Structures are given as C-alpha cells and as structure tokens.
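Asks: In order, the protein sequences belong to chains A and G. Heads up: the first sequence begins at 2 in my numbering, then just goes up one per residue. Heads up: the second sequence begins at 0 in my numbering, then just goes up one per residue.
Incorrect hints may appear among the rest.
Claimed, not checked - So the derived label-pair ranges between C-beta atoms look like this:
1) Lys3(G) - Asp222(A): 45 to 51 angstroms
2) Arg14(G) - Ser168(A): 25 to 31 angstroms
3) Ala131(A) - Arg14(G): 36 to 42 angstroms
4) Met0(G) - Asp222(A): 24 to 30 angstroms
5) Thr98(A) - Arg14(G): 51 to 57 angstroms
6) Glu2(G) - Trp207(A): 21 to 27 angstroms
7) Ala378(A) - Lys3(G): 44 to 50 angstroms
8) Arg14(G) - Glu203(A): 36 to 42 angstroms
9) Arg140(A) - Glu2(G): 46 to 52 angstroms
10) Glu2(G) - Ala244(A): 15 to 21 angstroms
11) Gly111(A) - Lys3(G): 43 to 49 angstroms
12) Asn197(A) - Lys3(G): 38 to 44 angstroms
13) Lys3(G) - Leu49(A): 16 to 22 angstroms
To be clear, the hints were calculated from the coordinates, so they are not data collected in a lab. All values derive from a computational prediction rather than experimental measurement. Think of the CB as a built atom: it goes at the ideal place given N, C-alpha and C, for glycine as much as any other residue.
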Amino acid sequence: MIEVLRRVGFFPRACVWELTLACNLRCKHCGSIAGSKRADELSLDECLRVAGELVGLGCRRITLSGGEPTMYPGWHEVGKRLVELGARVNLISNGLTWSAKHIEQAQKAGLCGVAFSIDGFEEEHDEFRAPGSFVRVVRAIDISVAAGLPVAVNTTINRLNQGLLKSLRQFLMDHRVFAWQLQFATATGNMGEHRNLVSPPEDLLWLVPQIAELCRINSPDFKVYPSDDIGYFGNPEPDLRDADTALPFWLGCRAGCQVIGIESGGNVKGCLSLPSSMHGEARFVEGNVRQKSLRDIWARADAFAYNRLFKEEQLGGFCRVCRFRDVCRGGCSWATYAQGGTGNENCFYYQVVKHQRFELLAEEPTADEVRYFDARASGATKAAGGKA
Amino acid sequence: MKEKDIRERIHIFLRDTVRYVVVPASMGIGLALVGCSDSSMNLSPDGSADSSSVQPGTGGSSGTSSSGAVAVYSAPMTGGTTGAGGTTGAGGATGAGGATVPGGPGGAVALYMAMMRDAGTGGATGTGGATGITPLYMAVMPDAGGATGTGGVTGTGGATGATKYGTPMPVDAAGTGGAVAMYMAMMPDAGPVLRYMAVMPPDAGVAQPAYMAVLPPVQADYMAVFPVDAGRNDGHVGVVALYAAPVPTKS
Numbered sequence: 002m003i004e005v006l007r008r009v010g011f012f013p014r015a016c017v018w019e020l021t022l023a024c025n026l027r028c029k030h031c032g033s034i035a036g037s038k039r040a041d042e043l044s045l046d047e048c049l050r051v052a053g054e055l056v057g058l059g060c061r062r063i064t065l066s067g068g069e070p071t072m073y074p075g076w077h078e079v080g081k082r083l084v085e086l087g088a089r090v091n092l093i094s095n096g097l098t099w100s101a102k103h104i105e106q107a108q109k110a111g112l113c114g115v116a117f118s119i120d121g122f123e124e125e126h127d128e129f130r131a132p133g134s135f136v137r138v139v140r141a142i143d144i145s146v147a148a149g150l151p152v153a154v155n156t157t158i159n160r161l162n163q164g165l166l167k168s169l170r171q172f173l174m175d176h177r178v179f180a181w182q183l184q185f186a187t188a189t190g191n192m193g194e195h196r197n198l199v200s201p202p203e204d205l206l207w208l209v210p211q212i213a214e215l216c217r218i219n220s221p222d223f224k225v226y227p228s229d230d231i232g233y234f235g236n237p238e239p240d241l242r243d244a245d246t247a248l249p250f251w252l253g254c255r256a257g258c259q260v261i262g263i264e265s266g267g268n269v270k271g272c273l274s275l276p277s278s279m280h281g282e283a284r285f286v287e288g289n290v291r292q293k294s295l296r297d298i299w300a301r302a303d304a305f306a307y308n309r310l311f312k313e314e315q316l317g318g319f320c321r322v323c324r325f326r327d328v329c330r331g332g333c334s335w336a337t338y339a340q341g342g343t344g345n346e347n348c349f350y351y352q353v354v355k356h357q358r359f360e361l362l363a364e365e366p367t368a369d370e371v372r373y374f375d376a377r378a379s380g381a382t383k384a385a386g387g388k389a
Numbered sequence: 000m001k002e003k004d005i006r007e008r009i010h011i012f013l014r015d016t017v018r019y020v021v022v023p024a025s026m027g028i029g030l031a032l033v034g035c036s037d038s039s040m041n042l043s044p045d046g047s048a049d050s051s052s053v054q055p056g057t058g059g060s061s062g063t064s065s066s067g068a069v070a071v072y073s074a075p076m077t078g079g080t081t082g083a084g085g086t087t088g089a090g091g092a093t094g095a096g097g098a099t100v101p102g103g104p105g106g107a108v109a110l111y112m113a114m115m116r117d118a119g120t121g122g123a124t125g126t127g128g129a130t131g132i133t134p135l136y137m138a139v140m141p142d143a144g145g146a147t148g149t150g151g152v153t154g155t156g157g158a159t160g161a162t163k164y165g166t167p168m169p170v171d172a173a174g175t176g177g178a179v180a181m182y183m184a185m186m187p188d189a190g191p192v193l194r195y196m197a198v199m200p201p202d203a204g205v206a207q208p209a210y211m212a213v214l215p216p217v218q219a220d221y222m223a224v225f226p227v228d229a230g231r232n233d234g235h236v237g238v239v240a241l242y243a244a245p246v247p248t249k250s
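All chains, full assembly: derive it from the sequences and hints.
Replies: Take a look at the structure:
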C-alpha cells in the first residue's frame, strides 16, 4: 500500500552501502557478482562526505556491505563517521579473513554488530562459497561473540540447505548469534549459472510456513527475520512480520521509499539488491553521488518511480488479479525483476492458489484468482493438442 | 488474516496513527514531516526501535494543491503557451525532431509521460534523435507554470538519445535455453552496445532486460570492452554484464 508509505513519508530509514565490490570469494549465489572492485569506487573522503549526506537525510540504520567490505581500507572510518553522526551501523562480512584486528576496529568505530553469511553447514556452505570457508566463518562468529561484538547471521536459502533450517537455527543459537536473517536465492547474478540450486517455487508451500514457525518461537536472545523476498499473505503472514506493530503484514517493497542502497561507485538505488551496471541494467540507478547530492537524488520528483508512483498497471501475471495487489505491489522488486517483471512466483499466496492448497489461507481465493490458473491450465492443454 | 482485516488495519492506521502527512512540495513528492509512532513503519529491519521519528522537512512552498503534492501528471497536458520546438537530438541519422509540447497547468507537475511519434519523420527543428523507434520518452519537465497557471512549459523536444530502452527478447530467445545471438540496444550516452546473452534461461521468451553470463575466456574474436577489473588479478575470467563485441551467431 503505497499510500501508507507516502503518508509516513519517503525518507531513507535504512541503507545498505556497498563500500567495495571487491571480494575474496566468488559465491555461486552472489547477486552482485562481486569479485573485482569497480573501476571508480568512491574514495574515503568521498565516502565520509556521503556519510554526512546520508545521515542528514534522516537515515539512522546503515549496513556496510560489499563485496567484502573489509577489503575497503577505510571501512571502519566510514563506520565511525556514521556512528558519530548518530546512526546505528553494522557490517556484513563473509568472515573469511575476519580477525581480532577487525573486531577491534569495529568496536572502536562504535558498530552495533557484525553479520556473517552462513549458507548451511560445512558441506552446503563450502559448496556455495569455497572449501574451508565454513570453518573460518564459524571462527569469526566465535571470536566476535567472545569479544563482546554482537553477531547476526544471514542465510540464503537454496535447494541444498532448505531442509536444514531448524538444525541450523540451533547451531546458531549454540554459537550465541542473536539474529538470523533468511532470504531466498534467486536466479540472478552468479546464481543465474546455477539455477538448479534455486529452491523450486512450489517448495514455498512448506518452506514459508516453516520460516513462519521459526519466527513464532523467537526469543529475546535469538530472533529470526525473514527478508523482503519471503511471504506474502496466507496463514504464515502475521508470523513473518512483527506482530506487535500496527500493520503486521507485508506492505510492499520499500525501495526508494524507506530504504536506499549506495553502490561503491556512487550510484544510488532504492535497494542495493536491485540490478545495475553489473547486470547491464540502468533503470534502477537514480543518480550518482559524485554528480549530485544524495538529497537531490532522493528528492527528485520522478525518482524511484517504480515504487513511489506505483500503478497497478505495472503488475503482470497473477499479481494483476491478486486481491492483495494494491497492498503488496508485486512483492520484492528484485525478485519480480529477476523473473522478467511479469509476476512473482516466489509469492507464497501465488503458489497456494496455483496448487489449490486453500487450507493455507484464511479465506477462499477470489474467483478471478482461481480463474487465472484455470485459464492457464486450459491454454496449456490446448497448446499441447489435448482436450481442455 | 483475511483481506478485510488487513484493509481495516490499514484504514485505521491511515486515520489515526499518522499524525502528520506529506507536505506539498514543488518537487512533486516531498519529503515528509513525520510523526508516526507504534507502527511497523517505525521498526528497523532487525526489529529494534528506530528513534528517528522526525525528519526534517524540505517541502517547497509553491504549488497550489490543497490536497497534497501532485506527484505525477501523466495525461495530455493542456493550457499554457505553446512551447518552442524541441532541441536538436544528438546522434542518429534519422529520428523524430523535437515535438512541440503544450504547456501545462499551474501547480507542480513532476513527470510528464508521452508517447513519442515514430522516429524517422523529421522534426520541426530537430535533426537528430534516436535511430530506430523510441517508444517511450520519459522526461522530467521543468517546473510548470506558477500558481496562476500561466507560463507554459517549453517542450523538451527531441530526445538526446534514448533515455530508456527496454525490449522483449528476440523471438528465438524462447524455448529451451538455446544460445541467442545478440541483443542490441541503443544505450544512453554510449551509442550502440551489444549485450551478449550466452545461455538463456529456459523460461526466456518474456522480456529479459538483462541476463548475466559467464563469458568465454578472452580471445581475439571477443574484442570486448570489459569493465576495467574483469578477469584481473587471479585469472578468473569473471562475469561481465556488458560488452561490445561481435557475438557468435546462434547455433
């Protein structure tokens, strides 16, 4: 419901800032295609200037990301500046070379925590990243926790690890991780070459309820956070969101409304995950901080039009008939884009209606929603020369 | 949660919780003066409370709407004085010249979307324009007339190259993921650029504006303009999104 966001106001509450695209891993599922740094990455002085602009825009939660952000020499200085300006800052790392020195730098900078990426246990994690990387990231977690630096973990759900979520939860709790963000792998970036490892969409029928169950048993010491590409609607929905809030359900992509992403070359997007030059795509780049101030980019009248000026006509496929289309707006913009912009098969509600698992809904689907799949099935039958 | 419950909650939220709303702004979409408590909007991604509930407003003072900012205007514009002919578009042997765009009404007009005429018709003043068809031209209009509605908007005329180009994949991209020869697009500010799309995903056949592919090892036939860092340092060929090169034919 874009009206809710509009009324609350378009300003960047949260930012994910790619300090560098350089990375010491070449993960199979990397949507950013990280590896080598960009040719034109912002200098430290430029980053410090942008830090002021970002906080000046009202952003109070900033995640330093990459690539591997610790490969940007001044990462802790950028973090320190942001903290001094009043932001809560954390950093996401693959943990491969994480050391006591990094912990000291993070703590001196005032970072509120660090997040590491774990994609399963050793076999699954190393399959996606590199041999030996699991051992290293677990060590990174342990030394950080021991030093008093709060640790969160991000996990990209894929075909290899999707059955391990419950046991992985216990593993992370045992290692005193305090938060766990889950997200689905999409066939984008490097994962476009490994589509067989993407979780099949129909598996959402059990995966999403399981993630909701993990959220339901959250405790003060350990919380699961589904990312914005998980959901939407159906019975699991309230558990996927914070039940204590006024609107405990998915309200559509917030890119460019409450979220902002900055690339290491200075390009600004509504969300760092959205594609850009590495994907041969320019439509989501709203400007560059070398040419304009962040405020000018953010406040431009037609900036982030795909969300701020959303119209239902933008939706394709099932989303066009879905009863929640005005609230949901097609789900995660990145996931929708990755599927060609014509709907979102990664939507739980979509899969439930498609597979007629109506017991997973609080109410029967609408006639239009059911007809959508009936018509498709009929068309497929006719195309195959069979009887409708 | 039923749809009815969701909509009721939204209704109540909009009615009661938001204490201040977007201020009209000449920029169309204004930043907001926000005072919104106890809502999901105030929660950070990790669920912790976000104390930044007040945002400095930057709303402008112009604009006459009493019902908030006019964010977008996407209809034929009327009124105002006739704008001047478009400026000469850059590049391209043919193409539409700048269309004369009528002025707009008073008040803030953020965005004007219009269908361009087919290229190749020549323009009143423009001589250039994008080669080929430019189906859609999106431009930020200069500030529209003032509160009285006077002062038409000068037409922005011929496009300086295509500002946005999106196209479905060639027909033969559909099917089982076979090789696709090329995808050619006029890139903004870059002239003709070939995108190489190696192995298409099996479900191609819908618009696939970009597809990442691992390029084959660098070789003479691929006179590619690689991003500076691609394939550097570690012998890793790298994944490159875009390059200009002769592309192998489909086979």
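Asks: If a hint holds in the structure, say so; if it does not, say that too.
Replies: Okay, the hints, checked on the actual structure:
For lysine 3(G) and aspartate 222(A), the hinted distance range of 45 to 51 angstroms is not satisfied, since their beta carbons lie about 37 angstroms from each other. A C-beta distance of roughly 45 angstroms is found between arginine 14(G) and serine 168(A), which places it outside the suggested range of 25 to 31 angstroms. A beta carbon spacing of about 53 angstroms between alanine 131(A) and arginine 14(G) contradicts the range 36 to 42 angstroms that was offered as a hint. Take methionine 0(G) and aspartate 222(A): their Cβ atoms lie about 28 angstroms apart, and the range 24 to 30 angstroms holds.
Look at threonine 98(A) against arginine 14(G): about 52 angstroms separates their beta carbons, and that is inside 51 to 57 angstroms. For the pair glutamate 2(G) and tryptophan 207(A), the supplied restraint of 21 to 27 angstroms holds, since their beta-carbon distance comes to about 24 angstroms. Take alanine 378(A) and lysine 3(G): their Cβ atoms lie about 29 angstroms apart, and the range 44 to 50 angstroms is violated. For arginine 14(G) and glutamate 203(A), the Cβ-Cβ distance of about 39 angstroms falls inside the hinted range of 36 to 42 angstroms, so the restraint holds.
Restraint check, arginine 140(A) to glutamate 2(G): a C-beta distance of roughly 48 angstroms satisfies the suggested window 46 to 52 angstroms. In this structure the hint that glutamate 2(G) and alanine 244(A) lie 15 to 21 angstroms apart at CB holds, the actual value being about 18 angstroms. Evaluation of the 43 to 49 angstroms hint for glycine 111(A) and lysine 3(G) yields a pass: the beta carbon distance comes to about 46 angstroms. Taking 38 to 44 angstroms as the suggested C-beta distance range, the pair asparagine 197(A) and lysine 3(G) conforms, at roughly 41 angstroms.
Distance hint for lysine 3(G) and leucine 49(A): a CB-CB separation of about 50 angstroms, inconsistent with the stated range 16 to 22 angstroms.
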